[in-house]
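2 protein chains.
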Amino acid sequence: MPLDDTWFTESLESQGSAFSLKIARKLHEEQSPFQRIEVYETTHWGRLLVLDGAVMLTQRDNFTYHEMMAHPVLFTHPNPRDVLIIGGGDCGMLREVLKHDSVRRAVQVDIDERVTRVAEQFFPELTEGIKDPRAQLLFEDGLRYLKEAPAASFDVIIVDSTDPVGPAAGLFGPEFMRDAYRALRLDGLIVQQSESPILHLDTILTELYAVMRDAGFAKVVTLTYPVVGYPSGWWSATMASKGADLTKFREQDALNKRFETHYYNAAIHRGALAVPEFCKKLFTDQ
Amino acid sequence: MPLDDTWFTESLESQGSAFSLKIARKLHEEQSPFQRIEVYETTHWGRLLVLDGAVMLTQRDNFTYHEMMAHPVLFTHPNPRDVLIIGGGDCGMLREVLKHDSVRRAVQVDIDERVTRVAEQFFPELTEGIKDPRAQLLFEDGLRYLKEAPAASFDVIIVDSTDPVGPAAGLFGPEFMRDAYRALRLDGLIVQQSESPILHLDTILTELYAVMRDAGFAKVVTLTYPVVGYPSGWWSATMASKGADLTKFREQDALNKRFETHYYNAAIHRGALAVPEFCKKLFTDQ
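First to last, the sequence lines map onto chains U and A.
First residue of the first sequence: 1, per the numbering used here; consecutive thereafter.
First residue of the second sequence: 1, per the numbering used here; consecutive thereafter.
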């Protein structure tokens with residue numbers, strides 16, 4: 001019954017669950033100034049990126065996460081031009097953001113340049129956005145960047161962070177969220193990866209709702225979607241606005257989108273807004 | 001990295017993935033005439049039922065599967081009175097079916113009585129429907145039962161089977177599906193658990209669509225939903241009709257349902273019908 005060492009396993013002791021992928025070989029391993037970066041060739045999921053022992057993405061399944069973090073918020077904003085990505089060093093989020101013609105500037109701020117360099121080498125399909133003249137890559141602390149950003153300078157902020165421990169802990173905190181509020185324009189939107197609905201409703205999700213509301217965000221909604229490689233296989237994105245109804249989006253534009261997706265479409269967007277019965281106690285905005 | 005023997009692991013070699021739950025202790029193990037039945041106490045997921053090494057359900061997460069296999073089809077049928085459950089020996093499906101007041105007869109046909117007896121002992125919350133006078137439990141071969149069932153005798157057939165190998169292989173076959181067609185009334189509906197959209201689209205799901213259409217079913221749709229304990233964490237239910245539009249359902253009745261659910265509601269039902277972009281090549285009915 002135990003798996004041997006031909007498997008990469010991420011175990012979540014706090015939930016008594018674990019997920020494993022069968023490995024063909026290890027392609028890369030390094031300790032950056034911020035975290036341990038590993039790349040594996042799996043037998044069935046393409047290449048696997050691991051940060052500090054946690055699955056970040058596989059080539060086969062990362063599309064659900066990247067598409068559901070990028071397109072719902074960008075089709076909810078009336079005209080997203082200036083977009084800030086905090087984290088996202090693998091550049092998969094940047095690629096999705098740049099699919100929107102309205103975007104004139106996409107700033108990606110990840111503290112760890114090594115993640116991007118490793119992605120360029122092993123996940124070139126994710127990093128194609130780097131060459132886009134609208135893209136600006138910064139390798140620095142996202143918290144400090146946001147604190148120093150001019151007020152009302154962004155339309156959309158996407159927080160593509162790792163779990164709220166280690167380098168990403170501050171990205172779920174009150175100071176970060178207040179700075180995000182300040183850096184967003186009046187119709188600005190923030191979206192934060194918000195872990196698993198079934199594992200983290202009473203903990204991380206509840207805290208995130210409180211932090212967003214305390215920062216001044218008037219509306220908060222959570223979308224749910226599958227991510228095979230993350231704990232429970234079921235993940236969420238929590239979106240906040242200064243007042244705009246987040247259950248409405250540019251549905252016609254989504255229907256007529258001029259770019260390809262593998263998971264996202266207008267019906268999926270609408271469906272992801274549906275609130276499971278057991279989440280209603282928290283996801284009250286709809 | 002390898003997990004020790006305090007974990008129960010289901011590995012899917014054909015997909016190079018595995019899912020594990022931390023075990024407190026083994027509560028039961030037997031070899032029935034049909035399969036190996038195991039029950040574990042997990043550390044975080046309540047009790048775990050395993051058949052032939054495959055996770056059937058945990059107490060914590062079985063609600064998504066049972067609710068999404070039962071309520072969408074029952075709210076799509078205009079007036080479900082006679083319901084047949086093939087498989088479903090743990091009685092969790094029966095419990096959900098009996099929540100519908102319109103149901104006057106729910107027949108559960110599982111080949112393995114031992115699954116039901118084990119469920120009564122270790123999962124009593126699932127088996128409460130056994131006492132309901134509308135319930136009829138038969139322990140025999142579902143294929144034979146359906147072959148001998150009078151024509152047009154059921155409104156809804158729910159195929160709550162294990163994976164299409166071993167005892168359940170025939171439940172995905174053409175003969176079974178033709179018998180189901182015959183046993184259903186003109187407005188009758190069948191729903192079949194249809195594995196993972198991301199793992200089985202080109203194999204089991206494609207074959208199931210072909211078998212359903214060959215049997216005479218005019219409309220086929222697939223709903224998707226999370227199931228933590230099944231491979232990939234993302235599962236599906238495929239529904240077929242003799243002509244009725246399966247994208248419409250008794251939405252008002254679902255909104256005003258007089259029973260509790262933990263996942264299902266009208267918005268979730270609508271959302272589960274959304275077809276992911278990569279599934280559009282198969283899920284063409286919508």
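Honestly, the hints are just simulated from the structure, not real lab data.
Please note that the accuracy of each hint is not assured.
Each pair may be met inside one copy or between any two copies, as identical chains are not told apart.
Derived BS3-like pairs: lysine-lysine, alpha-carbon spacing no greater than 25 angstroms straight-line [stated by the list, open to error]: (1) 248 - 26; (2) 99 - 281; (3) 99 - 147; (4) 280 - 99; (5) 26 - 242; (6) 242 - 131; (7) 257 - 280; (8) 219 - 242; (9) 257 - 281; (10) 99 - 131; (11) 131 - 22; (12) 22 - 219; (13) 281 - 219; (14) 281 - 131; (15) 280 - 242; (16) 131 - 248.
A quick look at each hint next to the structure:
1. 248 - 26: Classified as neither: same-chain Cα gap 44 angstroms, cross-chain 49 angstroms, threshold 25 angstroms.
2. 99 - 281: Between copies, since 23 angstroms is at most 25 angstroms while 35 angstroms is not.
3. 99 - 147: neither (28 angstroms within a copy, 53 angstroms between copies)
4. 280 - 99: Between copies, since 21 angstroms is at most 25 angstroms while 33 angstroms is not.
5. 26 - 242: This pair counts as neither: shortest intra-copy Cα distance 45 angstroms, inter-copy 52 angstroms.
6. 242 - 131: Neither way: residue 242 and residue 131 sit 33 angstroms apart in one copy and 53 angstroms across, limit 25 angstroms.
7. 257 - 280: between (31 angstroms within a copy, 16 angstroms between copies)
8. 219 - 242: Cα proximity of residue 219 and residue 242: one copy only (7 angstroms, versus 44 angstroms across).
9. 257 - 281: between (34 angstroms within a copy, 18 angstroms between copies)
10. 99 - 131: within (13 angstroms within a copy, 57 angstroms between copies)
11. 131 - 22: neither (33 angstroms within a copy, 45 angstroms between copies)
12. 22 - 219: Answer is neither: 42 angstroms inside a copy and 38 angstroms across each miss the 25 angstroms cutoff.
13. 281 - 219: The answer is within: 15 angstroms in one copy meets 25 angstroms, while 36 angstroms across copies does not.
14. 281 - 131: neither (44 angstroms within a copy, 32 angstroms between copies)
15. 280 - 242: within (21 angstroms within a copy, 36 angstroms between copies)
16. 131 - 248: Neither way: residue 131 and residue 248 sit 33 angstroms apart in one copy and 46 angstroms across, limit 25 angstroms.
Checked against the numbered hints given earlier, this structure breaks hints 1, 3, 5, 6, 11, 12, 14 and 16; the rest are met.
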